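Q: Each chain is listed here by its residues.
Number of protein chains: 4
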Amino acid sequence: MVSDLGFQFFHPIEVRYRDVDAQRHVNSATYFTYMEQARAKYLQALGLWSGEDFEAIGIILAEQSCTYRKAFRYGQVVEVGVRVSRLGHKSFEVSYSLREQASGEEYARGRTVLVAYDYRRGQSVPIPEAWRQILARHEGLVPGDPANRKEADDDED
Amino acid sequence: MVSDLGFQFFHPIEVRYRDVDAQRHVNSATYFTYMEQARAKYLQALGLWSGEDFEAIGIILAEQSCTYRKAFRYGQVVEVGVRVSRLGHKSFEVSYSLREQASGEEYARGRTVLVAYDYRRGQSVPIPEAWRQILARHEGLVPGDPANRKEADDDED
Amino acid sequence: MVSDLGFQFFHPIEVRYRDVDAQRHVNSATYFTYMEQARAKYLQALGLWSGEDFEAIGIILAEQSCTYRKAFRYGQVVEVGVRVSRLGHKSFEVSYSLREQASGEEYARGRTVLVAYDYRRGQSVPIPEAWRQILARHEGLVPGDPANRKEADDDED
Amino acid sequence: MVSDLGFQFFHPIEVRYRDVDAQRHVNSATYFTYMEQARAKYLQALGLWSGEDFEAIGIILAEQSCTYRKAFRYGQVVEVGVRVSRLGHKSFEVSYSLREQASGEEYARGRTVLVAYDYRRGQSVPIPEAWRQILARHEGLVPGDPANRKEADDDED
Numbered sequence: 001m002v003s004d005l006g007f008q009f010f011h012p013i014e015v016r017y018r019d020v021d022a023q024r025h026v027n028s029a030t031y032f033t034y035m036e037q038a039r040a041k042y043l044q045a046l047g048l049w050s051g052e053d054f055e056a057i058g059i060i061l062a063e064q065s066c067t068y069r070k071a072f073r074y075g076q077v078v079e080v081g082v083r084v085s086r087l088g089h090k091s092f093e094v095s096y097s098l099r100e101q102a103s104g105e106e107y108a109r110g111r112t113v114l115v116a117y118d119y120r121r122g123q124s125v126p127i128p129e130a131w132r133q134i135l136a137r138h139e140g141l142v143p144g145d146p147a148n149r150k151e152a153d154d155d156e157d
Numbered sequence: 001m002v003s004d005l006g007f008q009f010f011h012p013i014e015v016r017y018r019d020v021d022a023q024r025h026v027n028s029a030t031y032f033t034y035m036e037q038a039r040a041k042y043l044q045a046l047g048l049w050s051g052e053d054f055e056a057i058g059i060i061l062a063e064q065s066c067t068y069r070k071a072f073r074y075g076q077v078v079e080v081g082v083r084v085s086r087l088g089h090k091s092f093e094v095s096y097s098l099r100e101q102a103s104g105e106e107y108a109r110g111r112t113v114l115v116a117y118d119y120r121r122g123q124s125v126p127i128p129e130a131w132r133q134i135l136a137r138h139e140g141l142v143p144g145d146p147a148n149r150k151e152a153d154d155d156e157d
Numbered sequence: 001m002v003s004d005l006g007f008q009f010f011h012p013i014e015v016r017y018r019d020v021d022a023q024r025h026v027n028s029a030t031y032f033t034y035m036e037q038a039r040a041k042y043l044q045a046l047g048l049w050s051g052e053d054f055e056a057i058g059i060i061l062a063e064q065s066c067t068y069r070k071a072f073r074y075g076q077v078v079e080v081g082v083r084v085s086r087l088g089h090k091s092f093e094v095s096y097s098l099r100e101q102a103s104g105e106e107y108a109r110g111r112t113v114l115v116a117y118d119y120r121r122g123q124s125v126p127i128p129e130a131w132r133q134i135l136a137r138h139e140g141l142v143p144g145d146p147a148n149r150k151e152a153d154d155d156e157d
Numbered sequence: 001m002v003s004d005l006g007f008q009f010f011h012p013i014e015v016r017y018r019d020v021d022a023q024r025h026v027n028s029a030t031y032f033t034y035m036e037q038a039r040a041k042y043l044q045a046l047g048l049w050s051g052e053d054f055e056a057i058g059i060i061l062a063e064q065s066c067t068y069r070k071a072f073r074y075g076q077v078v079e080v081g082v083r084v085s086r087l088g089h090k091s092f093e094v095s096y097s098l099r100e101q102a103s104g105e106e107y108a109r110g111r112t113v114l115v116a117y118d119y120r121r122g123q124s125v126p127i128p129e130a131w132r133q134i135l136a137r138h139e140g141l142v143p144g145d146p147a148n149r150k151e152a153d154d155d156e157d
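Protein chains in written order, with our numbering: chain P, 1 to 157; chain C, 1 to 157; chain Z, 1 to 157; chain S, 1 to 157.
For the record, the hints were derived by calculation from the structure and aren't laboratory data.
Remember, it's a predicted structure, so these values are computed and weren't measured experimentally.
Some hints here could point you the wrong way.
[Stated by the list, open to error] Think about it this way: if two alpha-carbon atoms lie no more than 27 Å apart in a straight line, the pair counts; the simulated DSS-like pairs of lysine-lysine are: (1) Z:Lys70 / S:Lys90; (2) C:Lys70 / P:Lys70; (3) C:Lys70 / P:Lys90; (4) Z:Lys90 / S:Lys70.
Chain P extracted, bound-state conformation (with noise of 0.2 Å):
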């Protein structure tokens, strides 16, 4: 079952006095920047970006969402899990799982669901099957298998 895979990448980023807003905790608009820099250092983790060039990552973000638990605050440490959760046609969906450090306390979840895009010529492409077989292997997923599912491939696989 997919969504009992555990999260095999951790990426741990420091909360900035700046992250915190007038409520006095994280804003959370910030929660996403986390999950932006731990899905940037996972793609290079897993040789998908170089880090350098902005051009090439060949992806685009259609949708993104967070559930709050419990608010980060200024002197934490977040450890942000990322995994790939479902891998479809053109599309694939980024789980991350928001804990503070200290305690391994989850405070938030969220979700990102990217599309392969082809800047040139502007549109939507297959996710190149060198990407979708290291996903795969990474994350011991079946690429096409219904059970990576967690919810309706809104692919037109």
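Knowing the structure of chain P, use the given hints to seat chains C, Z and S on it.
A: Chains C, Z and S in isolation, oriented as in the chain P frame:
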């Protein structure tokens, strides 16, 4: 039908150079900053927040999401439509339409679930009656009416 | 006298809820974001930047500073005055006055030193003659005239 | 000589994808966010701030500046050196060295002038004696000694 209701409140936000990231369009997390700003202005317009006392805002963000259709760019003005699309017992949902001002085209849609919260007691509370009446009147919602709900209500109403 | 010159260009910026930090006034780094936004609009107004090609801006920031008198707060609009206060051979200085729009009161002053730069060759270059003429004409400066200089010129003019 | 004093406190900050702007290097305002974060950690390390009570920080920022030599990029870690470089009667100056961690190369230098402030009375006050002693001891400064001053003291000492 709630889903047919138009937006009656709009707030314009100029895209800042700083909102743009290395991909050269507005960063995906920044859409939530736009929603936050427009929501604050909406609450002020309805007389629910003074804009000054940050402790007084007895609502916490439980969940939020955004669906991206097109990317905002530097030079544009974002017109953010805001409305309360569900009014539960302890929580309410705010929906957003992010449009490019010059063309009127919708680039993104968002949604936040907010929970009434008593900071002193550290627990969720029923939405204050005054808030319910103002929100319901403004949006033409009938509190407690299932027609207000676009989706299953997670409240223990 | 340059120091007596008024500002002829102003750009209004609405304080965002997100600009405010845990001290409940606008974060000190954000004043530089306001200056950056107003500077970009100034360059566009003078026809020096299209607002679209980010490679084309052949200037790099060498130095900047801000003096804080009063703290901006959520709910205010910042009116940012921008002018070129010194026009050197390879660099020019931009000065800013950050005012609270409703009262007209100056809350902060800023300054940036910008250097003309050739990104392909990776080195500073003389300010293009077209830029010099437009800036000088707009600000009533006489290029090369020591009266333009409020302080010692660090250029190798 | 104060100017010869080395930095005894360093704080590492990972460049975030979000710190990078359309020019594809770290945004110039973000350098002040790095300094702010390192300064907060410095004050905590010296026992001058708990990291929790945001009202307790009785200092306000009067002035700050940054000199840019080289641009930080995504993928780098910024090592921020922090020290108090001047200790006046009501104000003190903090200096920063922003270095790229891997090479040790200094990319930027910064400076902030902080003023002791009584928020209840709304006015500047002498730096508390306990602060002076801790800062002077840590930095090897002799309070009141002109040798502490790199430049004219704007305090009414």
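Q: For each hint, tell me whether it holds in the structure or not.
A: Checked hints:
Pair hint Z:Lys70 plus S:Lys90 holds up; C-alpha atoms about 17 Å apart against a cutoff of 27 Å. Proximity of C:Lys70 to P:Lys70 is assessed by CA-CA distance (about 31 Å); at most 27 Å being required, the pair is judged violated. Distance restraint check for C:Lys70 and P:Lys90: the Cα-Cα separation of roughly 17 Å lies within the 27 Å cut-off, and the hinted pair is therefore satisfied. Under the criterion of a C-alpha separation no larger than 27 Å, the hint pairing Z:Lys90 with S:Lys70 is consistent with the structure, at around 17 Å.
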